[in-house]
Structure formats: structure tokens, C-alpha cells
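Student: Chains as they are written, first to last, in my numbering: chain A, 1 to 252; chain B, 253 to 474.
Everything labelled a hint here was simulated from the structure, so no lab data went into it.
From the structure, some residues in chain A lie toward chain B, with a derived Cβ separation under 10 Å:
id, residue
1, L82
2, V89
3, N97
4, S160
This structure is a prediction, so every number in the text was calculated from the model and none was measured.
Just so you know, even glycine gets a beta-carbon here, dropped at the ideal spot from N, CA and C.
Below are the chains, spelled out letter by letter.
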Amino acid sequence: MQQNPSSSEPIVSLRDVQKSFGPLRVLDGVSFAVERGEVLALIGRSGSGKSTALRCIDRFEKVDGGEIVVCGHRVDRPDVDLRALRQDVGIVFQSYNLFPHLTIEQNITLAPCAVKGMATSQARDLARKVLAQVGLEEKLHAYPEQLSGGQQQRAAIARSLAMQPKVMLFDEVTSALDPELTAEVLKVIEQLAADGMTMVMVTHEMGFAKGIADRIVFMHRGKVHETGPASILTSPATPELTQFVGTGNLKS
Amino acid sequence: MGGHLNINHLMFLGQGALWTIGLSVIALIGGGIVGFVIALARISPLKSVRIASGVYVQLIQGTPLLVILFLGYFGLAAIGLKVSALAAAGASLTLYVSAYLGEIWRGCIQSVPKPQWEAAEGLALSRTQRMMKVILPQAIRIATPPTVGFMVQIIKNTSLASVVGFVELMRSGQIVNNSLFEPFAIYAIIAVVYFAMCYPLSLFSQKLERRMGRGRSNLAPA
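Input sequences plus hints: build the corresponding full structure.
Tutor: In C-alpha cells:
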């Protein structure tokens, strides 16, 4: 089941993935792969299936067909070891989803202690380290509601980093933030990219995608419509991407 | 007529009041434990467990407590199981309370936003860890006001245990009245005693609800 991924294999690969919600076909034969250290941006209109594709990688959605391999885990199979998968994959959500009853430190140390059996003192050092990475050392003992949206999102990224994932998934992580707070979160993600973290992000920030992504996957009606390096955003090949990028530019 | 209300009568009523409290505590602890299991069963990943616990809740909620008490005391005796009035009343109230608390608590657990489950899942926590460390601590805060409010119902409903001869406050009042025949005075005293037990709880419940209403900032422990 759990073959060891050799370094040449992609960290994430989707092949002909199918997914329907009732009669609605959300993913219609989606295929793409993410290499180690690569940053892949999933873009597309609302309802194009990009968020569903991302959620399938961490198996928050079960696929109807096709093959998904993530860090050697066959995610499409019903017997996949979910806890092992999720130790390899970090996910950050649009709504932060910090645990409101715990301090930022407790939010971060919870999983390393509970899942990996890490000693409390060691986990606290780790919390300090990952919070420094996102520039929030001083918020160690704050509760989530005492933080701004941008700070909460950075804390959520730190919480995910503390599990030392092999790949991180970002699901529209700046969609709930104003431009200023968006900038501080994007800066953190840029730093992660510079440190060589493998990342898949669903984003509406076209400028950001262009600047940071090694590869763009443009999704349209449940299919990968166009894919290529960031330059496809400036010189798209399909009329759909042209139109999408055009409206995106108008917005920003 | 058996004379006037005296200190002995009042002490007898006081003893009954203590048994009302005792029976309420038994009902709350027993019903709380069973109710917690019911709440978890109602959201079990196993469909059969969900259905079985749902049927239990519907059966108990659709049956008058009086009938449950009769079944527990006279019904069991009729099929050869002789139980004391205390055991019958305690068991009946436990069944009754568990069905209601189970449903109240299920609702509280389910009112913790779903993304909290997903965030915990994404961090590789097991189902038990997600429940114990992420969901229940948040659900308990939501559950406190309705649970305290329901305790008032339990105290009042223990009066039904008088029908199986259990001498709690209501029954002790009936006994005193049988010798004095001053129903107005005696039942007024009993009403006041029930009120004195329930009102502080009602106040406490209201206070808790107001505090909850002020938003999440007050949910964080200091």
C-alpha cells in the first residue's frame, strides 16, 4: 500500500479524477502532478472545481474515480491510512479554523503532542519556532479571537507547519481578508516557497499566483483547461483563460 | 382533624425536601452519564448505532414520565422483579433524563462548526482526540445554559415519584395533609419549597445564557 516515494516521483499526482455531488459533475477527469519543492496554483472561476480538487488531495472529499497519490498514499483507495496521510499533508482553510478555546500555543502544540507523542516542552519550543516563522512570537499566549484575521491565518499556517508536512495545501486562504492583511499572509507563504516547501494553493490573487507559482493549473467546468508556467497568465492560449485573467485584472 | 401544623410536620416535610434533592441528583448523574452515551451514539459513524439511539430517544420522549414510573415500579413487580420505590424512581428518572439530555447535548456537539472538525482532521487527530480535545470543550460551553435550565424540570418532575410511594417532598406533603387536612396551607408550603429550589437554578441559567450571548470573547478561559 504505502510505497516509499522515491525522490523522482511527484509528491502529489492526480490522474483522471472524477467527482460528482449528486447530478453535478464537479471534477471531470482532472489530472495534474506536483513535484517536490514546486508551488502549484489552482485558479479558475467559482464552481470550476478547484477547491474540490484541493480537498480531494487531503481526502476531505472522496473521489468517484481516478487515481490520487500523495506522498506514496493511495488517497483514492478506501483503505488509505488517513492519519498517516494527514501527517504528511498540511492544510490551511479560508476561515482559519483555529480552535477558539485554546491559546495560539495550545493550538500549535495539540497535534504534535497528541499525534506524534512529542513531549510538551519540546512542542512548546516548536511552537515558538513556527510562530517566529510567521512573525507572531508575541501572540504565543493569546486566544484566537484576540488576533486580527491576518494574524489568525498566519497562526493557522504555523499550526500546520508544526506537523512538519511534506506538502501544504492552501484553500483560498486570503479570501476573507482585506488587502493589507492579505499582504501579510502572502508574505509568509512567499517565505515558505523560498524555503522550498511543496505547496498547492487555490487562489484568487492573480498577481500573487504569477509571482510565486512555478506552475498554474487553470480549471474550467471540472476540467484542467490550461496549464503551464506562470507566463500563461500574461499570454493565455485559450479564450476562457484570457477572459478569466481579464476580469481578474479588472478587479485588482 | 389531627391538630395543627407543628415542628414535627415541618421536619417531615424537610426530610421530604431532602429526598427530592437526592432524587434529583440521582436523576441528573444517572441521566447525565446515560445521556452522554446517547449523545455520542446519536452522532456515531455507525448507522445502526445512530438508529438505535434515535429510537430510544423517541420512545422515552414519547412516553409520559408517569407511565415510565408505573412500568418501573408496578410493571416490574408484576413480572416478578420487586424493586424498591427509590430504585424504581431513580431508574425511571434516569431513563427520562437521559433521553432529553442526550438530545440537548447532541445538538450542542453538532452546533460546533463543521470546519472545526475538518481542521482537527487535517492535523491528523484521531476521532476520539478530535472529540475530546477540540469538539467537546467547545460543546460544553454551549451546553451549560440549557443543561442548567433542564435541571429545573428534573427537580419538579421528581414530584411524580410520589405516585409509587416514594416519600419525597410531594409525598410527604400528602402524608402530612392526610393527618391535618389543611391542603391549602400545606401545598402552599410545598410550592414555596419547590420554588426555592428551582428559582436559583433558573436565575443561574439565565445568567449563563446572557454571558454566552455576549459572544465568544467571554468563552475563553481567563
